[in-house]
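Peer 1: Sequence:
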Amino acid sequence: MGNVLARPSLRDYEIPYLATSGLPPDHRILPAELLLTVRDNRVLLAAPRLGREVVPRLSSAHNFTRGAVVYRFLAHLQDQDGRPGGWSWGALAGQPFLPRVSRGRHVLCKARWRIEASELKVALKASAAGVWEAYQLLREARRLPRFVQLTDADNALQVDLDQVLWVETLHHLVASRPVFTLSECFPVPGQALVTGPEGPFAHELVIPFEALRAPYRPVVTLPGKSEEPSVRVFPPGSEWLYLKLYCGPASADRLLVELAPLLRRTRSEGLWDRWHFVRYRDPDHHLRLRFHGPAQRLLAELLPQVHAYLEGPLTQGLLWKWQVDTFEPEWERYGGALGFGLAEAWFHTDSQHVLDCLAQGQTQEARWRAGLRQTDAIWAALGLGLSERKDLAQAAREGFRREFADPGDGAVQMGQRFRELRKELEAAFPWPLGQPPVPGCEGLHWIREAFDQRLIRGDLPALAGSLSHMHLNRLLRSDHRENEWVLMEFLVRLYESCLRRHAQDLPDRP
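Counted the way the working numbering counts, the sequence shown spans residues 23 to 532.
The hints are simulated quantities; they were obtained by calculation from the structure and are not laboratory data.
Per label pair, the in silico range of CB-to-CB distance:
| # | residue 1 | residue 2 | range |
| --- | --- | --- | --- |
| 1 | Arg395 | Ala115 | 44 to 52 Å |
| 2 | His225 | Leu57 | 41 to 49 Å |
| 3 | Ala178 | Tyr268 | 44 to 52 Å |
| 4 | Val210 | Thr348 | 37 to 45 Å |
| 5 | Arg395 | Trp109 | 48 to 56 Å |
| 6 | Phe119 | Arg287 | 29 to 37 Å |
| 7 | Val129 | Asp184 | 20 to 28 Å |
| 8 | Ala115 | Ala83 | 17 to 25 Å |
| 9 | Leu32 | Ser140 | 44 to 52 Å |
| 10 | Lys445 | Trp342 | 39 to 47 Å |
| 11 | Ser290 | Thr348 | 26 to 34 Å |
| 12 | Val129 | Ser43 | 35 to 43 Å |
From the three backbone atoms N, C-alpha and C, an ideal C-beta is built for every residue, glycine too.
Input sequences plus hints: build the corresponding full structure.
Peer 2: Structural data, given as structure tokens:
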């Protein structure tokens, strides 16, 4: 603890924490006098007494990860504009074996074995001669070299698996652990570069690097431009986990409802931050589930939990297969990277809203009525006036008539059905004055604002149609195109009726 509690003053100002400062009182910054703000996605600390920004720097090698909250916060903040160097396996870090990584004459990462307690227990049970023989069995099964290192953070203990005393020492250290890591010795004993009359010496050189860069400037998106995505596909192991669950339409509803507890638990654990689902046929009916979050946790923690959950539906016959796939976002459909990001954030909200509706056990009749109301609410939340909504519904209706090659009979039948339900449907729409906020439409105003600032390419009504289409896809159980056609026929008639009755007092936009 000497380098933590007693060390020279390295800077003009210090934040004393866990130790006493050697600087004069006016050069000490107490944690209580710091002000915290967030600006341009950066956390800023300021000392009003000095009128300056405070950039904390930990001046010791102390392990702060188990310290007090304020101490951890200040220590983590020092890495805000950079990151420690070193090789990272990312989503593969939990694999049982990872090989040596080299480039030219440089070894970037040594080979590594991740051994779980269950493996050690099997070896101990199979051994008749105790600990040493058990480790020889483990060594043969995992192809361990003679010399390995037990690694804990930045500490490494060399172990000779041919020596009984070393093996017993290793077992004493790892016997109570659920998992431990061994890495290769490099160079192996006898190949040391530093030698003397006494023999070889262990040595280590620490070489600091500094990345020179231009001063920080906030990123500003210019009006009229949409930033192109740097990554256009997301395979397994990336920030998106994409699953396909093949099942029937009715089973899809049940799977979604029963999936809700797992969703709540895994989100509370921080395994993902957003998700959404889509119903699809290719040609088999299936659900598409997409989770966004930390790549390593999605692959190493969320996927095994989903796998365990799906064992039940597979056994019961609700699900006949499932697979992991590569996610390819439809950037252009939503006006570029920014538009897709905003739309995807709303997909999360909409998926949660639909999941709540499914949990209530709504009938198919109740669902399409809710879909009719929600489609109008989505378009209104995006800022479309009543005339614009009528034009959008009319364009969609004509597209469906062409798609189904309707000579007019279908439209006649739907017109008759509309007349039967007309009074009931009109009563469900509180036109023309202020509509109350509708659950599931939160966040759509951000898309409208982005269009107003010309940050999203394309046509707003077209995007509104895409978003309502995705909502109906989630809400309705099956025959989505046919049902959406019926809803567009009904909406056109509702809008026309409302425009005629309120032609004088309707504003252009809600």
